[in-house]
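Engineer: As a plain string of letters, each chain reads:
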Amino acid sequence: MAALAEEQTEVVIKPDPEGPPALPATQPGDCPGEGSGGSHNSSHNGGGGGGVAASSAGGDGGTPKPAVAPPAAAAAAATAAPGGAAGAPAAAAEGIASQDRQTLLAVLQFLRRSNLRESEEILRREARLLEEAAGAGAPGEMDGPGAEATSALLSRVAAAAGPTGPGPGSGSGPGPGACPASAGPAASGAGTGNSGAAPTAAAPAKVGVVAVEDQPDVSAVLSAYNQQGDPAMYEEYYSGLKHFIECSLDCHRAELSQLFYPLFVHMYLELVYNQHENEAKSFFEKFHGDQECYYQDDLRVLSSLTKKEHMKGNETMLDFRTSKFVLRISRDSYQLLKRHLQEKQNNQIWNIVQEHLYIDIFDGMPRSKQQIDAMVGSMAGEAKREANKAKVFFGLLKEPEIEVPLDDEDEEGENEEGKPKKKKPKKDSMGSKSKKQDPNAPPQNRIPLPELKDSDKLDKIMNMKETTKRVRLGPDCLPSICFYTFLNAYQGLTAVDVTDDSSLIAGGFADSTVRVWSVTPKKLRSVKTATDLSLIDKESDDVLERIMDEKTASELKILYGHSGPVYGASFSPDRNYLLSSSEDGTVRLWSLQTFTCLVGYKGHNYPVWDTQFSPYGYYFVSGGHDRVARLWATDHYQPLRIFAGHLADVNCTRFHPNSNYVATGSADRTVRLWDVLNGNCVRIFTGHKGPIHSLAFSPNGRFLATGATDGRVLLWDIGHGLMVGELKGHTDTVCSLKFSRDGEILASGSMDNTVRLWDAIKAFEDLETDDFTTATGHINLPENSQDLLLGTYMTKSTPVVHLHFTRRNLVLAAGAYSPQ
Amino acid sequence: MAEEKKLKLSNTVLPSESMKVVAESMGIAQMPEETCQLLTDEVSYRIKEIAQDALKFMHMGKRQKLTTSDIDYALKLKNVEPLYGFHAQEFIPFRFASGGGRELYFYEEKEVDLSDIINTPLPRVPLDVCLKAHWLSIEGFQPAIPENPPPAPKEQQKAEATEPLKSAKPGQEEDGPLKGKGQGAVSADGKGKEKKAPPLLEGVPLRLKPRSIHELSVEQQLYYKEITEACVGSCEAKRAEALQSIATDPGLYQMLPRFSTFISEGVRVNVVQNNLALLIYLMRMVKALMDNPTLYLEKYVHELIPAVMTCIVSRQLCLRPDVDNHWALRDFAARLVAQICKHFSTTTNNIQSRITKTFTKSWVDEKTPWTTRYGSIAGLAELGHDVIKTLILPRLQQEGERIRSVLDGPVLSNIDRIGADHVQSLLLKHCAPVLAKLRPPPDNQDAFRTDFGSLGPLLCSHVVKARAQAALQAQQVNRTTLTITQVTGAAFSFPAAPAYTDTLPSPPVRPSNHWAAEGSWLHCITCSDSSVCKGCSAPPAFPTSNQVHSHVVFVWCLVFTAG
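Line by line, the protein sequences give chains Y and S.
Take 1 as the starting number for the first sequence in full-length UniProt numbering and just add one per residue.
Take 1 as the starting number for the second sequence in full-length UniProt numbering and just add one per residue.
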């Protein structure tokens, strides 16, 4: 434990490695997407600093100890991290190995926050922390409020943990991706302590550069644009390249066309940065029509950006700068491009290609237009091939064996092994509940899970009983859908969740309330007051019944506490707790025994868009506008892990059924899968053309379905890291996705007021994931949405906000009636 | 792909005059043009930024419409204090005005008299959120219950009626349009090979009109029986309920052919039996069907029109024509026909012209009995002022002679007399308002007599009455605007007021003290009579409350998102 803390402190005080790229353009194995993403987001996330905990995660990653106890480790991490605006930084800094420096940093932060710049500098000078200080954001020039400055400091620290150093064997030439050897660990995300040495080595090298450059964060980032080319030539350059690409062979054209968008953006930004406003406008006017339609949201942002002053603080712009746009191009096409640019002496474009793009070169046939179209669309291009190579344990954990009460023996006792013979193969194919360990499953104790309580066991037994009565679904046996309509919600319903046993429904509303309904005849009762409780005979058998206060029985309980719309709600698996996340930046934990708020988890500081309990309880994940997802444990007030890397809001978060992974969907149009154990990003899925609003894991843990504003649902094979299907049909945002209990049917609900059912078995059945596809990541999607669509059910102007399969495979859908 | 959807970008920037106006209201008198320009750029950029953030809140709030609170939250994200006082739970209906080459969106806020608010009883407490469960689908089939949308939405019914080949059934059998034709054709390589969507025979037109299913479920049959019995039964309360059900229930699509046949057969039988009461009931059913917003009757108009027309022009509709009020039925049916014309007449089916022809023919015929005559005139008159002007007015003189001959001549039959009397009052009723508009004011009995013969004097007095009434209404309008002018004293330099029809939804009335000053100019713009409004466009002076600026900014902001 102590070692761990040491390591983190080491990381925390590391000076800033992030600055203008003083190094040769493309670093093989450098990871701009993650590392800088983290650093960027913290520049706008207030406290808690995305980076800090990422660094803590990095610490874990550096020494992969499978038996590490996350809560404890993370507790240390949390204390190591000077808590942002909310936590008491000074207190947090105490009790750690290198106490002095920590305290110093905390004091500096405090001074900064209180705008005592002078004293801050004096203190800094005295403490000889000048270099770091310079790295930590130029004093005096910070235009943001104090909190922002703090986070800027933190962000640097975070970046230090990221593997942004010069990768091993820094091929200085234009050979990006030529060094796959280094790529493995490096690519795997924010704060993967790549190797203990790399960041340390990188840090001193960069300090000098940064110290000289006495500029605030953003300007430093922007100054990369400070190239003086003739503004009038830009259009010529661009149209020259356009001409070249359009005249190239068909097989290369599609691939090279990928260049249009990033080049367009960067050239435009250069023009704007160098204050050629008119040239920029005309450049935009002339060429924005060439860009693919799925980029139009970003283009809209760009179009309004016409002044250098606007560039500070514009997040989209920063994304372009801080993360390299990733393109996958075949070697032939790339050679063609290189030759062309060298022939033409087209340095402007060549510079951009070198500095701002990451070209992932592969050998073999160029991809077709369809193949490319399927994968592009995200804010920062495609995922690098290496990014999806890490092994993911997608199998399910072994179910604990449960002693079954006598009367149910015949039903339950054999259930594990094969009581109804016909069920056995199904169970096996689904990989669930089979006795032997799934080869793809993580070790049982990979992350510590809470022990089963008696009540949990009872619930499991109930679950198994219900399972035997479950309807086998299929194309010929569609589920019934029961729709819960929220009436008189006045457009205010923002989140819904249903308990696993379908007994309670929670709704989050724009008026800051959370309402819990009981949909069974059993009413909601709260526990008696303390004085009344003391009168109860604690030895009696029905003590659990006696503690409940009959007078409070009602069908609906309203939970007050948030101060903004509630965007996420999630029941704990044992139905004792409810989580809610809100615009006010907090996640709240409510007790469903007393119907009061137990904890308010602060950390996001910006709206929290989604939260979800782990399938085993205890842990939960939240994601929000600050572009990070956080992993929490209910008994810690600070996050255990911070998953940083997304370039825009994290819209939705879901736990993998084995609780070892977390999937996040973001407005940057990517889906990421994070390892809970070490905080690494293990999968990046690109292909959506709009912000992602819903996620669902298949019950066997192998597949992921994601839905976005473009109305498409994409299916992913987690093990291979490939897109395996596309379901077209919805005409508006897909708000909710759910697999049936046995994974035969995928239900999707959308803002277009429909529920659609898809044949999941067929969608996944003949996946020929041959080695070639796996290796290259080239996918061919069958165009079979219409075959897979089993049913479309219109609601009466009611957007479908939530979907749920009961244990017997009845679909429960929910939404608020919103008359037009 | 990029070519399909051209990106629509709004290059809108605020006019620099706005900056000037805002500055003036803040007490900064002379702002250099350059400063204004810079400010406009900056403000426009920031507003766009905020609007983009606000959209995020809209999406996460699972809404399709941006609300004021979204803007507030977006401001909060930027660490800017939200705009207090602009809360609306509902979407704010924006009004659009244009003229003089300028376009403007604004939001109408009525001036509210506080004493009115105080004196009115408290509004009902809004209902609390509640949860209601229903079956959206039972084992794959969607039950036709009021909670579910009608099985065939009106647009689809319309599409089926007008373009039967293009429409396809929704839901399960998604056999209609082959989607994704562009990509599907190309991605033949790879895995999609064995699944070539439908087995096509080359050269065979594959699209057949889906056969309509007219089977009714047991429930529907029961419903049909109950409804028809109630509609023609003796209990008025039941009938009202049944008609209400016909007029509002969404799931009647399947039963429409039955209802249509029921009505047309019913009329046929009851006209022969002269059963006035039943005819009236049937016409009320037609009216209810017409009123149902989920039904598109185009396919059944051919059955309904003859039935309704029969009720207008039939020689005899009741057993005792001298006593029973069959005139009311004719009037009612005439209105129905007019409604049908309005809804379904197109250049292809020519319903209106065919109906007009029928009416005119029977009216012109010398031998037509008074009852039919009455019906024809009523039918024509309901079709609108133009029809009255071109078809009825020229024949007034002739008709007047005929009426006079019956009324003044020897009493041949009492029935004729009554008929003539009714025709006369009908003509007066419909023609007077039209004439009041057409003829210049001095109403001269003699002039009328020369123009319209024996009906002249009567018409003249009716026209005078009509004029008086119109003047009275105009005066009322005037008075309201007068009060506005007093309050105002100020008007923004807005283009001439557009005339709004009363069909636009009016926003909920809210007390708005901060709008007391500036609400008025919005008023003038929105008041329906544009001629009156010009009176109040007094010297421009911008209201000086801070709220206004934010408001104006806010209005712009929504323009951007709309763009």
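No lab work stands behind these hints: they were computed from the structure.
Check each hint, because a few of them may be wrong.
Said to hold, decoys possible - For each label pair, taking beta carbons as the anchor points, the in silico distance ranges come out as: (1) S:126 x Y:465: 51 to 59 Å; (2) S:82 x Y:732: 24 to 32 Å; (3) S:226 x Y:542: 31 to 39 Å; (4) Y:452 x S:125: 40 to 48 Å; (5) Y:531 x S:126: 34 to 42 Å.
In this text, a Cβ means the ideal position worked out from N, Cα and C, and glycines have one as well.
Engineer: Evaluate each hint against the coordinates.
Structural biologist: Here is how each hint holds up against the structure:
1. S:126 x Y:465: 51 to 59 Å: The hinted range 51 to 59 Å is violated for residue 126 of chain S and residue 465 of chain Y, with Cβ atoms some 43 Å apart.
2. S:82 x Y:732: 24 to 32 Å: 28 Å, holds
3. S:226 x Y:542: 31 to 39 Å: At roughly 51 Å between Cβ atoms, residue 542 of chain Y and residue 226 of chain S fall outside 31 to 39 Å, so the hint is violated.
4. Y:452 x S:125: 40 to 48 Å: 47 Å, holds
5. Y:531 x S:126: 34 to 42 Å: Between residue 531 of chain Y and residue 126 of chain S, where Cβ atoms are some 37 Å apart, the hint holds.
Going through the hint list in order, the structure does not satisfy hints 1 and 3.
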